[in-house]
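Q: Start from the sequences and build out the full structure, keeping to the hints where you can.
Letter by letter, the chains look like this.
Number of protein chains: 4
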Amino acid sequence: MIKVAIAGFRGKMGSSATNMVLEDARFQLVALLSYKKDITNLNQLSQYQGENVPVFSSKEELVETVKPDIWIDFTSPDIIFDTLSFLIEHDIHPVVGTTGLSKEELSDLQKRASDKQLGGLIAPNFSVGAILMMRFAKEAANYFPDVEIIELHHDQKLDAPSGTALRTAEEIATVRESKKQGHPDEVELLPGARGADVDGIKIHSVRLPGLIAHQQVQFGAKGEGLILRHDSYDRSSFMAGVALGCVKVMNEQELIYGLEYLL
Amino acid sequence: MIKVAIAGFRGKMGSSATNMVLEDARFQLVALLSYKKDITNLNQLSQYQGENVPVFSSKEELVETVKPDIWIDFTSPDIIFDTLSFLIEHDIHPVVGTTGLSKEELSDLQKRASDKQLGGLIAPNFSVGAILMMRFAKEAANYFPDVEIIELHHDQKLDAPSGTALRTAEEIATVRESKKQGHPDEVELLPGARGADVDGIKIHSVRLPGLIAHQQVQFGAKGEGLILRHDSYDRSSFMAGVALGCVKVMNEQELIYGLEYLL
Amino acid sequence: MIKVAIAGFRGKMGSSATNMVLEDARFQLVALLSYKKDITNLNQLSQYQGENVPVFSSKEELVETVKPDIWIDFTSPDIIFDTLSFLIEHDIHPVVGTTGLSKEELSDLQKRASDKQLGGLIAPNFSVGAILMMRFAKEAANYFPDVEIIELHHDQKLDAPSGTALRTAEEIATVRESKKQGHPDEVELLPGARGADVDGIKIHSVRLPGLIAHQQVQFGAKGEGLILRHDSYDRSSFMAGVALGCVKVMNEQELIYGLEYLL
Amino acid sequence: MIKVAIAGFRGKMGSSATNMVLEDARFQLVALLSYKKDITNLNQLSQYQGENVPVFSSKEELVETVKPDIWIDFTSPDIIFDTLSFLIEHDIHPVVGTTGLSKEELSDLQKRASDKQLGGLIAPNFSVGAILMMRFAKEAANYFPDVEIIELHHDQKLDAPSGTALRTAEEIATVRESKKQGHPDEVELLPGARGADVDGIKIHSVRLPGLIAHQQVQFGAKGEGLILRHDSYDRSSFMAGVALGCVKVMNEQELIYGLEYLL
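Residue numbers (numbering that gives the first Met the number 0), protein chains in the order written: chain L, 0 to 262; chain P, 0 to 262; chain A, 0 to 262; chain C, 0 to 262.
Keep in mind the hints are simulated off the structure, nothing from the lab.
Check the hints yourself; a few may be wrong.
The list treats identical chains as one, so a pair stands whether inside a single copy or across any two.
[Said to hold, decoys possible] The calculated lysine-lysine pairs, modelled on DSBU-like cross-linking and capped at a C-alpha distance of 30 angstroms, are:
| id | residue 1 | residue 2 |
| --- | --- | --- |
| 1 | K11 | K221 |
| 2 | K179 | K247 |
| 3 | K221 | K247 |
| 4 | K221 | K2 |
Note that the structure is a prediction, hence the values are computed from the model and not measured.
A: And the structure:
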């Protein structure tokens, strides 16, 4: 069993990760880090009464006491560089969802990890399904240059288009020649009908109550269509990606940025 | 059997109607009208070799020779008023897809048809499926005020949004209180992402090769969604509406505008 | 404001209803019934600390103390007949999701409610979206007799097809002439490919993790298709139906069975 | 320009290929083969009046007169082995949609083509979209072992499931461990509800008028779903695959079986 510690285990992603590690037979949850200092064992929380896992308030103390193989981190951007430096120094494989490193910091950490041949993962997105959708979209665009993206989210979302839709369009734009979707003489009778434009790829953002997070990449060609759709119903879907990352980094020799490079 | 004549039978809609009438056992094709004067019988055309149906070049001659019950018309706007006047005068039920009448002309014709208790139909849209989609959308909007429309067409279409999408939004707007879809503070990072706006209802127009004519009306509410989708694959789909119109007008006493009033 | 009491408020549906009544400005939550006798006020439960609502352990005491307009009931089948008798006697409008009445009991209660001109609702299904889907499906089947149903649920569901799919097929069967879907000579190379059969209507049951509760009623005709789809993401979706029931029964004069008769 | 000859140009696939080659600027249509002997030039057919392309009734005469680079073949199984032998001998790249070779014949032809380092293609399926869908399905199944297939076709189709659905399931079965989809205790209240079974993968076959040829591969995992859908609207969609094959075989050194190996 792989020994796992989790930092930031009381946030949304961290608590999902805690549940995942407890339930997955490949992992043993050996320690938790919380700077709150209000508890010293997970079983002091009502929802985890049967779970005997020590909670530390210092990473040094945690590592001295129990040496984890993997360190899952969903803490905050301001401490992540220090944490990663510390983990590399102590030969602990990081699996990190916290973002906010500068390019220089990332490249510095990657060099140090490679020197020690230590596998690790920093991932802004742990959704295996979303990553596959983007990968397939990029591959399909080699053969089907005509494509539009429809992304659908709950109506509490403030930004449109979604980050995933923008990334998908940017990925597609790297493999297809730039072209504007639709007839060259088309007329928008009402502004916005034809959606947002990223290098000629149209993006349409639907916002409705009840929806969660969905994206459809729709390709068209003479006489046929190809649709790639990802539906994200809840945060638990990210945990397959976290688990995959934990297993894979054990056999890697570098600090990888992006879950897609482990799929 | 209902005796049917067809004017404009060499156009796209007219030739589809001709095939429909020939195949539908409820109808007998008794005459055709063509101002071209190049043939006098349908069997002179290679694709209709077995069909013995006289072709006339004057509506008066047609009606004197064979008295049809129904007159299907897919000719041009400039002659449709005269044709309808003539049909009402001769007690022939019109089923007309040609548009272009002024309000005054329409109301004049409707009065005359009512005086003679003659059933007839003028329909800008013969798609039963599209009409049901609009009807259901309007009914659903009473319970689900949050709605967006996605319409998808081939990339040779010049206008966006489609006429059907606009009509659907206008119909919905008659039953829901005006509201803007999405979060009040939402930000369009790229213009057009949130689509066109008709009374707060968002319309998204997708244009791709391969597609034909499709529309999805998508409702959302707390914890659920309702989707109404119509796919139109080819012109033959309109013929069910034409056939329905032909059967129904036999028992009507007025000149109806819009197939929806016969469904 | 309509004064509402809730019985069975600690079950899944009952607690959803409690939250709905607390949040909806049209309603005032005046009392709760719980036979557990462990609390006397809702604010004794940690998640409802700010809510001062008395909890009774006897329906008689509840009604003597606070006279509610509406009684929402999600208790158990064995007491529902007594409860409904009691409510009718005391002129309180019932809105009941508990099922299990015999035909005789139902008809007895309906007679008594009509005698007193008391509006009430017993509903086995509070999903407005599902009811609209079934209604639209039935209407569409008048014009599109060719139809198949695809229902998709999480893979913990034990029965297939779903109850909603069966009811939808039965409703459709009342308006279309019986016909077997597909080509008369079709051959199932593998048994089950063509789905289950209800009066010739095919039902396909998909079971996958991640899915919640979804149904697609798919009609086809020459050159076109019409799809009605309902997605149910969580129990909160039923509360729109409960709220609608509460408002509507105030103006009814009988005990209605089925939310569809209030839509 | 690549010089192309077409055999079987009067069948459905062959005439689509003829139109494609005439329209695609990368190709020059230099000759056609027809055993009918009724015409000697394509311009003798009314729909090709402007096209001056010789029509031969013997492959030997064709090759002696005009030496094509590529030979597209949509003829019949009984002559395809001879044709391929002849093409390899004369260093003409075959792009063949005709099936029916035995394993021995295929392997014999492949050896001879490799000896001469002649690129060629035999493809039972020229749909790029369908091939991508199958490829993506296979890749996704590595991460999402829970999957069901819904294939939807017009109601004139006699067999269910479709060949493409069966092949997709077989491909998926090569990468996922065998497992039965759904809850182990699930009960089919009506036989067939849960579809056909291929190594535990469920296949559902929908047959409706209006539909053409569609397939949806639906994956589910905790909290998410991934859908791959291919819609085939008409035969013209295969021509992108034929064109791709023609371009690619020019740079190949062997006789490839299956368009997927050129994508």
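Q: Would you mind marking each hint as holding or not holding in the structure?
A: Hint by hint, here is what the structure shows:
1. In this homomeric assembly, K11 and K221 come within 30 angstroms of each other (Cα to Cα) only across copies, at 16 angstroms, whereas the closest approach inside a single copy is 45 angstroms.
2. For a Cα distance limit of 30 angstroms, the shortest separation of K179 from K247 across copies, 27 angstroms, qualifies, whereas the shortest one inside one copy, 40 angstroms, does not.
3. Proximity of K221 and K247 under a CA criterion of 30 angstroms is satisfied inter-copy only: 20 angstroms between copies versus 41 angstroms inside one chain copy.
4. Within a single copy, K221 and K2 get their C-alpha atoms only as close as 53 angstroms, which misses the 30 angstroms cut-off; across copies the closest is 23 angstroms, which meets it.
Consistency with the previously given hints is maintained throughout, with no hint failing.
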